[in-house]
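Visitor: Sequence:
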Amino acid sequence: MSSSVKLLDPAFQGAGQKPGIEIWRIENFQPVPLPMSNYGEFYMGDSYIVLQTAPGKGGSNLYDIHFWIGKDTSQDEALAAAIKTVELDAVLGGRAVQHRELQGHESDKFLSYFKPCIIPLEGGIASGFKKPEEEEFETRLYVCRGKRVVKLKQVPFARSSLNHDDVFILDTRNKIYQFNGVNSNIQERAKALEVVQFLKEKYHDGTCSVAIVEDGELYTRSNSGEFWVLLGGFAPLNKKATAEDDVIPETTSTKLYSITDGEMKPVEGELSKGLLGNNKCYLLDCGAEVFVWVGRATQVEDRKAASRVAEDFVTGENRAKIARITRVIQGYENNSFKSKFDSWPEGSTAPGGEEIKGKGKGKVAAFLKQQGVGVKGTIKSVQVVEEVPALLEDGGKMEVWYINDGAKLPLPEADFGKFYSGDCYIVLYSYHSGERKEDYFLCCWIGKDSIEEDQKTAYQLATKISNSYKGRPVQGRVFEGKEPPQFITLFQPMVVLKGGLSAGYKKSIADKGLTDETNKADRVALFRISGTSTHNNKVLQVDAVATSLNSAECFLLKSGSSIYLWHGNQRTRKQEQLAAKVAAFLEPGVSLKRAREGKESNAFWLALGGKKSYTSEIESSETIRDPHLFTFSLNKKGKFEVEEVYNFSQDDLLTEDILILDTRAEVFVWVGQCVDVKEKENVFKIGQEYIDRASSLYGLSPKVPLYKVTEGNEPCFFTTFFSWDPNRATVHGNSYQKKLALLFGPSQVEEMEAMLPKQEKTTGNQGAPTQRASALAALTSAFNKSSSKSPPPEKSTANQGGPTQRASALAALTNAFKSATRKSSTLERTPSNQSGSTQRAAALAALAASFNPSAETKTSAPKPVRSNPGGSQRAAAIAALSAVLTAEKKKQSPDVSPSISTSSTPAVTSPPTDADSSEVNPSEADDSVGVAKTNKEDLSEANPSGADGSQEVAKTNKED
1 MSSSVKLLDP AFQGAGQKPG IEIWRIENFQ PVPLPMSNYG EFYMGDSYIV LQTAPGKGGS
61 NLYDIHFWIG KDTSQDEALA AAIKTVELDA VLGGRAVQHR ELQGHESDKF LSYFKPCIIP
121 LEGGIASGFK KPEEEEFETR LYVCRGKRVV KLKQVPFARS SLNHDDVFIL DTRNKIYQFN
181 GVNSNIQERA KALEVVQFLK EKYHDGTCSV AIVEDGELYT RSNSGEFWVL LGGFAPLNKK
241 ATAEDDVIPE TTSTKLYSIT DGEMKPVEGE LSKGLLGNNK CYLLDCGAEV FVWVGRATQV
301 EDRKAASRVA EDFVTGENRA KIARITRVIQ GYENNSFKSK FDSWPEGSTA PGGEEIKGKG
361 KGKVAAFLKQ QGVGVKGTIK SVQVVEEVPA LLEDGGKMEV WYINDGAKLP LPEADFGKFY
421 SGDCYIVLYS YHSGERKEDY FLCCWIGKDS IEEDQKTAYQ LATKISNSYK GRPVQGRVFE
481 GKEPPQFITL FQPMVVLKGG LSAGYKKSIA DKGLTDETNK ADRVALFRIS GTSTHNNKVL
541 QVDAVATSLN SAECFLLKSG SSIYLWHGNQ RTRKQEQLAA KVAAFLEPGV SLKRAREGKE
601 SNAFWLALGG KKSYTSEIES SETIRDPHLF TFSLNKKGKF EVEEVYNFSQ DDLLTEDILI
661 LDTRAEVFVW VGQCVDVKEK ENVFKIGQEY IDRASSLYGL SPKVPLYKVT EGNEPCFFTT
721 FFSWDPNRAT VHGNSYQKKL ALLFGPSQVE EMEAMLPKQE KTTGNQGAPT QRASALAALT
781 SAFNKSSSKS PPPEKSTANQ GGPTQRASAL AALTNAFKSA TRKSSTLERT PSNQSGSTQR
841 AAALAALAAS FNPSAETKTS APKPVRSNPG GSQRAAAIAA LSAVLTAEKK KQSPDVSPSI
901 STSSTPAVTS PPTDADSSEV NPSEADDSVG VAKTNKEDLS EANPSGADGS QEVAKTNKED
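For the sequence shown, full-length UniProt numbering assigns the number 1 to the initial residue and increments by one for each residue that follows.
The hints are simulated quantities; they were obtained by calculation from the structure and are not laboratory data. For each residue, glycine too, the CB sits at the ideal point set by N, CA and C. Incorrect hints may appear among the rest.
[To be verified] Pairs of lysine-lysine residues, derived as DSS-like cross-links and limited to a Cα-Cα distance of at most 30 Å, are as follows:
no., residue 1, residue 2
1, K397, K448
2, K482, K680
3, K482, K340
4, K639, K611
5, K338, K280
6, K200, K273
7, K506, K482
8, K71, K200
9, K574, K498
10, K115, K153
11, K639, K265
12, K147, K338
13, K202, K18
14, K639, K678
15, K338, K265
16, K470, K321
17, K115, K175
18, K321, K498
19, K321, K304
[Said to hold, decoys possible] DEER-style ranges, computed between Cβ atoms:
no., residue 1, residue 2, range
20, K593, E393, 33 to 43 Å
21, P35, D72, 21 to 31 Å
22, K611, Q17, 47 to 57 Å
23, V388, E438, 16 to 26 Å
24, V155, K397, 56 to 66 Å
25, D72, V388, 50 to 60 Å
26, M36, V388, 32 to 42 Å
27, K593, A414, 23 to 33 Å
28, G277, K397, 55 to 65 Å
29, P10, M36, 14 to 24 Å
30, D9, S613, 57 to 67 Å
Kindly produce the complete structure, drawing on both the sequences and the hints.
Guide: As structure tokens, this is what we get:
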């Protein structure tokens with residue numbers, strides 16, 4: 001063992017040998033392995049090193065090293081984490097991607113290792129911090145952000161920490177509360193439910209209760225009342241405040257700099273791989289993330305200088321506490337780095353899938369040797385053999401059409417499996433998947449010589465078929481030569497023939513002066529038999545010449561009335577059996593003439609135009625699937641961009657989204673049930689945009705199979721890339737409702753929906769205004785009872801009347817507000833809608849606050865009080881309420897969707913009509929007028945604008 005290896009930190013011994021994560025905490029400036037039971041817990045006063053090992057191609061491993069810096073860690077400790085990260089990288093072969101992670105600004109990849117979230121804890125071990133001692137349970141308030149990866153942040157346990165825009169979790173000894181801000185995203189609400197369940201299992205042994213509290217919900221409900229009591233009472237919430245660690249760097253145009261002698265120089269021109277020289281280091285500034293690219297021919301000092309330059313750069317840009325720094329080595333760039341360039345032509349690749357030249361490997365090894373480090377995880381030559389993929393159930397019903405003159409014509413069943421290169425086909429396969437209802441596989445097969453008009457017709461007609469089945473079929477597009485296993489297996493055998501039957505194809509070759517090669521009885525035809533299993537054995541017609549032969553395969557030669565079965569010396573028994581089956585398919589009843597390699601007859605060679613040399617090399621048909629899940633968006637310039645969902649699971653398939661699953665062998669576009677109809681129409685366009693982008697960056701084949709998969713109809717060859725739970729796919733509702741049902745049962749969803757308004761029918765739109773009018777009447781009646789200037793003592797029997805009546809009024813008002821607060825079709829609120837929701841919540845809070853002083857039950861006569869303060873407070877409450885209802889009167893009533901979303905945009909209803917007023921108790925209307933008169937003077941003193949509001953209330957109630 002070399003002296004350098006002896007100096008290797010013992011904590012890193014055996015690191016990176018198997019897939020998964022390993023974590024070390026820096027204690028006294030040395031790495032100490034962290035127990036797995038503590039994974040996900042990060043103390044703010046410490047620094048950590050996290051190693052992620054993933055299997056690559058060819059048996060090698062891929063490495064990502066993250067060093068996490070807590071906001072309270074010392075500078076020396078953070079430096080120690082950075083140095084130890086370099087040491088660990090050297091041990092792993094010098095090819096790991098290094099990430100600097102800052103608390104509160106962690107990368108999605110880092111957070112994906114710890115689902116549903118990491119837990120930031122106060123304290124630390126090193127640099128003067130001590131781990132908190134075991135103590136009584138501490139009530140904590142968290143803000144929870146993120147749709148797929150959660151950033152959980154502890155905030156002060158106070159009502160002032162809440163706002164209308166976020167989701168909060170209050171963790172108490174016996175109950176966990178989730179508070180949903182009225183403007184919060186439903187996908188964040190759904191993710192927060194996972195965190196609630198996680199906290200329940202981790203800190204409460206799964207035994208505590210869970211409660212959901214909706215913003216704007218009054219304390220008349222038990223859970224809401226408990227929640228607000230813990231926070232000191234119900235009151236209007238503050239506007240969302242931006243903290244230092246909430247700041248996100250602005251999206252800036254990507255800029256590239258070269259680093260020479262510790263100095264940065266801008267690199268001009270469009271971003272391309274060719275700008276990067278292997279003897280230099282570069283800095284790529286992307287705003288929230290800064291990349292350091294290290295050429296493989298650079299010296300050690302150059303690499304150290306580049307790291308220092310990056311640190312100085314983010315400090316000078318005032319991004320030291322928010323920007324991530326990622327270092328990549330030439331040949332081992334990650335997809336995130338490549339995606340910043342317009343194109344990334346592939347070079348030779350290392351077995352792990354990374355690009356690197358043969359000489360580069362030697363230089364990396366030489367560099368490590370120069371540092372005196374023993375290299376582990378070196379490149380191995382291990383063949384990866386694909387297992388049998390998930391296939392569709394057999395025994396289904398098959399229908400096949402070919403395209404001709406703008407129409408689809410049915411193919412005779414006897415010809416199922418024959419495909420001409422000049423034609424396009426539509427295949428519909430109906431089958432039963434387990435206990436599920438009937439499923440459908442709908443696919444267009446595109447011949448390599450087919451004309452564009454036939455291709456468009458095939459797509460259009462396939463879409464019509466899909467629509468006729470209400471979009472349930474898995475709809476695919478397959479090009480000749482790229483047929484997936486699921487498609488090949490349907491046809492036993494599958495034969496691809498030269499030529500075509502389409503009139504458009506025949507006209508096209510005639511216009512070009514080409515010979516029609518369509519197979520005819522009097523022509524010589526040679527067929528190559530490839531594959532060894534039902535999912536990959538395909539027959540292809542090739543040029544009928546001796547040079548087309550291969551010693552590793554079997555061939556069929558059709559000449560006149562004779563068919564020869566030629567099998568090479570390296571062929572397999574399965575190929576020989578398949579060849580005989582194909583012969584019977586092409587020419588039923590014709591006897592085979594066998595021709596073994598080296599013992600062919602003269603007639604055999606004569607049919608091929610004479611004996612010539614041919615190859616004996618085995619063509620690799622190996623398929624390695626490497627699945628990656630992406631979201632997509634268009635940037636300000638309209639450029640298609642994707643963002644990877646790391647360590648994805650079924651939970652990441654959110655019903656409001658469209659996602660792209662790229663396995664490198666096929667591309668799926670998954671469409672959620674709640675996606676907008678217009679977006680659903682562009683699914684194949686989205687898929688093609690992704691393929692074009694991935695072809696230029698990752699070398700993805702432009703002809704890769706493309707599928708559209710809808711939520712609830714996922715086929716087995718899609719679900720195989722997930723740990724799939726079929727029960728999850730059958731739950732209805734938006735993301736929040738689905739998660740609520742999965743974690744807490746359907747009864748919780750029913751309880752939530754009970755809190756929401758029932759659907760207002762178009763013919764019964766008067767209900768909501770009437771309900772609001774009744775609420776106002778009940779409210780004013782309650783105020784009248786309690787607004788006397790010298791209230792008499794309340795007897796025990798009558799004492800309940802006031803509080804009970806006020807509680808009823810509050811409940812009625814709450815229900816009235818609920819009827820106009822949500823509209824299910826919208827997921828993200830517009831600013832105007834957000835202000836309406838916030839205004840309603842504030843009005844309810846003001847109302848509740850005005851009731852608080854008089855809501856206590858007293859056993860003795862109350863002390864005399866001045867009427868003006870209480871009246872002013874009540875007047876302000878009515879004014880706030882009136883402002884909301886007045887604003888609603890000015891809006892038109894949109895159509896109400898039958899489904900109710902807990903996070904949708906508040907529905908706006910029309911003002912009361914004459915029909916509405918007939919349903920209101922006249923005495924209630926008189927009471928409301930009385931309140932307006934009683935509080936008129938108070939309104940003018942308390943709130944000038946409120947006077948108009950109270951008059952408006954009186955006017956509205958009088959009409960009602």
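Visitor: Which of the listed hints are broken here?
Guide: Structure breaks hints 4, 6, 16, 18.
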